[in-house]
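Peer 1: Residues per chain are reported as follows:
Protein chains: 2
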Amino acid sequence: MNITPKQVAEILAQKDNITILTHFHPDGDTLGSALALLRALRKMGKKVNFLNNDPVHPKYAYLWEGLKKQSFKEEFVMAVDIATEELLGDELKQQYAGKIELAIDHHPSNDFFAKKTCLEGDSAAAAEIVYYVIKYLGVEFDEKMASCIYTGISTDTGCFRFRNTTARTFYIAGVMKDLGADTESINEVMFETKTRGELELERKMLENMEYYVHNRLAIAVITREMYRQTGTSEDECEYISSIPRQVEGVAVGITIKERKNGTWKASVRTKPPIDAAKICKQFGGGGHVNAAGCRFEGTLAQFKEKFVAVVTQELS
Amino acid sequence: MNITPKQVAEILAQKDNITILTHFHPDGDTLGSALALLRALRKMGKKVNFLNNDPVHPKYAYLWEGLKKQSFKEEFVMAVDIATEELLGDELKQQYAGKIELAIDHHPSNDFFAKKTCLEGDSAAAAEIVYYVIKYLGVEFDEKMASCIYTGISTDTGCFRFRNTTARTFYIAGVMKDLGADTESINEVMFETKTRGELELERKMLENMEYYVHNRLAIAVITREMYRQTGTSEDECEYISSIPRQVEGVAVGITIKERKNGTWKASVRTKPPIDAAKICKQFGGGGHVNAAGCRFEGTLAQFKEKFVAVVTQELS
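As you go down the protein sequences, you meet chains A and B in turn. Just so we're aligned, residue 1 is where the first sequence starts under the numbering used here, counting upward by one. Just so we're aligned, residue 1001 is where the second sequence starts under the numbering used here, counting upward by one.
Quick caveat, the hints were computed from the structure, so don't treat them as lab data. Just so you know, not all the hints are guaranteed correct.
[Stated by the list, open to error] Only pairs whose alpha carbons sit at most 25 Å apart, straight line, appear in this in silico DSS-like list of lysine-lysine:
1. K204/A to K1059/B
2. K304/A to K1194/B
3. K1194/B to K204/A
4. K1059/B to K271/A
5. K194/A to K1135/B
6. K194/A to K1304/B
7. K144/A to K1271/B
8. K59/A to K1059/B
9. K194/A to K1204/B
10. K306/A to K281/A
11. K194/A to K1194/B
12. K1135/B to K1047/B
Bear in mind the structure is a predicted one, so any value in this text is a computation, not a measurement.
Next comes chain A alone, as it looks inside the complex (with noise of 0.2 Å):
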């Protein structure tokens, strides 16, 4: 059952000791959207606390600046930014599934699992639709809530960039930062911060970049000894697949990460008009037409070389 935002908005009026969940492997929208709704609701003198299933990357630790757990028992739970149960992550599945009353979403690929669910497909983060939402509830927002919602629309569009950024998404960036949102400090340790050791990763991965396809294919490499050397981690790194793509004249950029046991995952990055999700759907996988990803076992030089078939035909 898909509902509207105003209609959220007059469900959680009459609940309370309320749970929030975020996605496994938090980003800025699931916890920008949880964290804005959390504090909206606080402000109505609700007991609401979020949980996460992952541990949370530091630099998100603002969004919950000057809160707290609060005890309760829980009455209500929803979720944020999940499309499926499989992405709350292992823990919180077991703890969870089947029984969260109300979803916010915005992944067309959402399969309703919550009993009520306020989907909005062409929402270009899930921290849109909350707008909206506390907007209905009649709460003010003060600089920390438009902070959280900020964040979650700018980390979701890469800082406006990305195709999913509608004229209602400036819209909505605008109204944040009348209303104070930090975007200054939000942009420079979203946007503007790398550590050494992904700069290092970065280095190590442009020196092994290689051309195929009158150079319209480039096909990056990062190994697990790469990882190591650098001290990073696959999970840390992933704006790093977007690197090959970007490099004029190239039309489908792949960036093969070696895993565990002999087995690769490639993200597979594409300018229109080739269709990432049909390339990776030849190796079992899949994802959106300009970003998908698949696996495979056996030698880096075999899953090359098909690569560089696959990728020959759809360009030709």
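Following the hints, position chain B against chain A.
Peer 2: Frame of chain A; chain B shown alone:
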């Protein structure tokens, strides 16, 4: 004399046979502003051309797509995004110094070289001001005008990352998106594309990056040999100066670039509260509080040693 966007529109409504001047080494804001205004004025039936002192990077060609140079006897000369006549570039300066009737600008350093100036120093881009001028002219925006305004705003804010971004910036970007600005292609060209040479230069720069003052100062060096090996130039790689400051924990990032005849130029980028202009002043340079520059003659070792001493004092 400082006038308002409305007064600019009132003046332009009375004029015809107009030349719009852009600044030397033209960027997205001076070009986007000029072309949006040119398109609006031509829609009103006026004859208008724009002039640039230097060649324009081909990535900007979409701004004047479908337009041709017009023949007319010039009656009115104006400038956009130009703070002083020096910034016209040699040829345009020689031709137009002292003859510019009207300037639209957002640089607080504007020296009111024009007979009338519409200066809004808190505007993120000249294109923001041009947006209001066109509104007051009463010309309906088309998709191409919207793309011109969006180009000026997005390039001068680093795609909404920089501190000059205001609520109004987001608001106008949202309106442009609604009016059909091709934000997806523009973002891809402006923010998601690098040449192989640029990436190779980045890699070489990362290779030699050095850290001082308990890792709070990062210094990168780019030699003329590195430009030669990668087929790049200082001009096109200006963005590279922001990389040393991006490193987590770094408060001052310096990119030292070799110029001709044993001279060096340093681009200094700082995080608040460190003052980049103050650091550069000690080398006879200057600039903004978080981005400044200076020059040096002598050996690289001497330059570095003095920098480390100056920054050590600033950070203590």
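Peer 1: Against this structure, judge whether each hint is valid.
Peer 2: Status of each hint after checking the structure:
{"no.": "1", "hint": "K204/A to K1059/B", "result": "violated, 29 Å"}
{"no.": "2", "hint": "K304/A to K1194/B", "result": "holds, 23 Å"}
{"no.": "3", "hint": "K1194/B to K204/A", "result": "holds, 17 Å"}
{"no.": "4", "hint": "K1059/B to K271/A", "result": "holds, 16 Å"}
{"no.": "5", "hint": "K194/A to K1135/B", "result": "violated, 41 Å"}
{"no.": "6", "hint": "K194/A to K1304/B", "result": "holds, 23 Å"}
{"no.": "7", "hint": "K144/A to K1271/B", "result": "holds, 22 Å"}
{"no.": "8", "hint": "K59/A to K1059/B", "result": "violated, 35 Å"}
{"no.": "9", "hint": "K194/A to K1204/B", "result": "holds, 17 Å"}
{"no.": "10", "hint": "K306/A to K281/A", "result": "holds, 13 Å"}
{"no.": "11", "hint": "K194/A to K1194/B", "result": "holds, 19 Å"}
{"no.": "12", "hint": "K1135/B to K1047/B", "result": "holds, 19 Å"}
Violated hints, in rising order: 1, 5 and 8; the structure is consistent with all others.
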